[in-house]
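Chains as they are written, first to last, in the UniProt record's numbering: chain Y, 1 to 255; chain L, 1 to 255.
Since the hints were made in silico from the structure, they are not lab data.
Computed from a predicted structure; not experimentally measured.
Mixed in with the good hints there might be a few duds.
Where chains are identical, the list cannot tell them apart; a pair therefore holds if satisfied intra-copy or between any two copies.
[Stated by the list, open to error] Listed next, the in silico DMTMM-like pairs over lysine to aspartate or glutamate satisfying Cα-Cα at most 25 Å (straight line):
id, residue 1, residue 2
1, Lys80, Glu42
2, Lys70, Glu243
3, Lys101, Asp139
4, Lys116, Glu251
5, Lys116, Glu31
6, Lys80, Asp43
7, Lys101, Asp211
8, Lys70, Glu20
9, Lys80, Glu243
10, Lys101, Glu251
11, Lys101, Glu113
12, Lys254, Glu153
13, Lys70, Glu113
14, Lys254, Asp220
15, Lys70, Asp220
16, Lys101, Glu118
17, Lys101, Glu153
18, Lys70, Asp14
19, Lys70, Glu153
20, Lys116, Asp211
21, Lys116, Asp62
22, Lys116, Glu20
23, Lys101, Asp205
24, Lys116, Glu234
25, Lys254, Glu179
26, Lys70, Glu42
27, Lys80, Asp211
28, Lys101, Glu20
2 protein chains.
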Amino acid sequence: MCQLLGMNCNTPTDIVFSFEGFRRRGGLTAEHADGWGIAFFEDAGCRLFLDYLPSSSSPVADLVRSYPIKSKNVISHIRKATQGVINLANTHPFQRELWGKYWIFAHNGNLTELAKLEPSRFQPVGNTDSEQAFCWLLDQLAQQFSVMPSRIELHQALSRIAAQLAQHGCCNFLLSNGETLWAHCSTALHYIVRQAPFTVAHLSDMDLTVDFSNETRPNDRVAVIATQPLTDNETWTAMQPGELLMFVDGEIQKT
Amino acid sequence: MCQLLGMNCNTPTDIVFSFEGFRRRGGLTAEHADGWGIAFFEDAGCRLFLDYLPSSSSPVADLVRSYPIKSKNVISHIRKATQGVINLANTHPFQRELWGKYWIFAHNGNLTELAKLEPSRFQPVGNTDSEQAFCWLLDQLAQQFSVMPSRIELHQALSRIAAQLAQHGCCNFLLSNGETLWAHCSTALHYIVRQAPFTVAHLSDMDLTVDFSNETRPNDRVAVIATQPLTDNETWTAMQPGELLMFVDGEIQKT
Chain Y
1 MCQLLGMNCN TPTDIVFSFE GFRRRGGLTA EHADGWGIAF FEDAGCRLFL DYLPSSSSPV
61 ADLVRSYPIK SKNVISHIRK ATQGVINLAN THPFQRELWG KYWIFAHNGN LTELAKLEPS
121 RFQPVGNTDS EQAFCWLLDQ LAQQFSVMPS RIELHQALSR IAAQLAQHGC CNFLLSNGET
181 LWAHCSTALH YIVRQAPFTV AHLSDMDLTV DFSNETRPND RVAVIATQPL TDNETWTAMQ
241 PGELLMFVDG EIQKT
Chain L
1 MCQLLGMNCN TPTDIVFSFE GFRRRGGLTA EHADGWGIAF FEDAGCRLFL DYLPSSSSPV
61 ADLVRSYPIK SKNVISHIRK ATQGVINLAN THPFQRELWG KYWIFAHNGN LTELAKLEPS
121 RFQPVGNTDS EQAFCWLLDQ LAQQFSVMPS RIELHQALSR IAAQLAQHGC CNFLLSNGET
181 LWAHCSTALH YIVRQAPFTV AHLSDMDLTV DFSNETRPND RVAVIATQPL TDNETWTAMQ
241 PGELLMFVDG EIQKT
């Protein structure tokens, strides 16, 4: 099983604190050492950093720490290979373009009977179940909508698509188009929304503390989603199996 | 006008020497300071590093120097904005997936009357003429071939497509699917093929010398393509206006 990390904010924010704990799960505090990746949306653009080295020792991960990119939507993934060899083509997150928007997807789980999820327009480059599921998901969206629909219509469509994917196995995933971040839980996803009054947070994976009241402005709001809680002194909410949440501007949108 | 750099090899090779001179054109030895990017194919996978900071001072460019990624196909671009504001979405190279392969494209020039190059399946995310041309190019390929055709068929199709693009203005471009690298010249592209016996090369943009005989094996072959020659003691070949060359395993393929 892999580890997922997502961030959705109302103002561009760096993910250095959360990533510092998260990356240690790639080879130090957990065994997920089969590559990693992180995608930062910056307005319509997107930067995707991938490496097949463990995130705990990757030079690319060092860059992410030393060059704090500010973003409203971030998705990161640390891989423990279940299907597909360890190489760059099989490293999450995956990126495609649909309706003139970049879409980023990362998956934790194991899907089977993939012959029933044969994509057409979007084709996997590597040989993971995850990338095939992503391509099939985008195919479904492209078939249903010729231009990008409203957020609510997208959410309704993704709810149906995620439920179909989940019939094939464990399907925790994060998905974003740079405006909205969707989180789907099969077995394990937790989230926290940080907003004023900001407090002090302490990482679970290393002895590092940050006082968010020194790092933020009063109106800032940041949602962080992770496979397991990243801090040991805050209250994270466990998502329910089958639940699909839509985060916009750092908060859950009602549907 | 922007600056292009491409490399195509028969064995995975790092581009550190060429990139060290090339990056200086982004803000130091030339004025192309409106962002830059570099794409490395590694088998089917691809790593794309983008930054809107000048390449001469970018932390991401520092990473490319300190973490020498070995690749058989590399495309890099330094931007001097002509159309489209300076942001990540407008930063070359651009990436899309077609037929289960990643395609990378970078362009130097200025195209007009883009309404005649309206793409459908592939849509630009930013607002440059270059990304629109790339999307249109892929649309043409996707319409002509439902699965990836032979290299020769691709070359013939790209010859027609490049000629159509060139009717809209200056169209120097580099394109690769990780197996083949195409270079199209409208006004300025130069190349060199390095193979045994390897010699000493000296950069034009800084006082740096490398003795390739110490860095290579006898059977290595590396083609480097750049807007302007990167070294001042080797013989580069100027491409002709309208010429499309196809590089495979470090050499030009006859068509």
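Check: Is it within a copy, between copies, both, or neither that the alpha carbon of Lys116 lies no farther than 25 Å from that of Glu251?
Finding: Neither: 35 Å inside a copy, 42 Å across copies.
Next item on the list: Measure nothing new, just compare the shortest in-copy and cross-copy C-alpha distances for Lys80 and Glu42 to 25 Å and report within, between, both or neither.
Entry: Intra 28 Å, inter 20 Å, cutoff 25 Å: inter-copy only.
Item checked: Status of Glu42 relative to Lys70 across identical chains (alpha carbons, at most 25 Å) -> within (8 Å within a copy, 28 Å between copies)
Next item on the list: State whether the alpha carbon distance between Lys70 and Asp14 is at most 25 Å within one copy, between copies, both, or neither.
Entry: Answer is within: at 4 Å inside a copy they meet the 25 Å cutoff, but 30 Å across does not.
Next item on the list: Indicate which option fits the pair Lys101, Glu251 if close means a Cα-Cα distance not exceeding 25 Å: within, between, both or neither.
Entry: Only inside one copy: Lys101 and Glu251 sit 22 Å apart there, 36 Å across copies, limit 25 Å.
Item checked: Alpha-carbon proximity between Lys101 and Glu153, which holds within one copy, between copies, both or neither at 25 Å -> within (16 Å within a copy, 30 Å between copies)
Check: Is it within, between, both, or neither for Lys116 and Glu234, if the alpha carbons may be no more than 25 Å apart?
Finding: neither (41 Å within a copy, 56 Å between copies)
Notebook entry, point to check: From the Cα coordinates, with 25 Å as the cut-off, is the pair Lys116 and Asp211 best called within, between, both, or neither?
Noted result: neither (48 Å within a copy, 55 Å between copies)
Margin query: Please sort Lys101 with Glu20 into within, between, both or neither, judging by C-alpha distance up to 25 Å.
Written below: neither (29 Å within a copy, 33 Å between copies)
Margin query: I want to check one pair: Lys80 and Asp43. Are their C-alpha atoms no more than 25 Å apart within a copy, between two copies, both, or neither?
Written below: between (31 Å within a copy, 20 Å between copies)
Next item on the list: Can you give me the call for Lys70 and Glu153, within, between, both or neither, at a CA distance of at most 25 Å?
Entry: neither (29 Å within a copy, 44 Å between copies)
Next item on the list: Check Lys254 against Asp220 for me: Cα-Cα at most 25 Å, and say if that holds within a copy, between copies, both or neither.
Entry: So Lys254 and Asp220 pass the 25 Å test inside one copy only (20 Å; across, 59 Å).
Hint violations for this structure: numbers 2, 4, 5, 7, 13, 19, 20, 21, 22, 23, 24, 27 and 28, all remaining hints satisfied.
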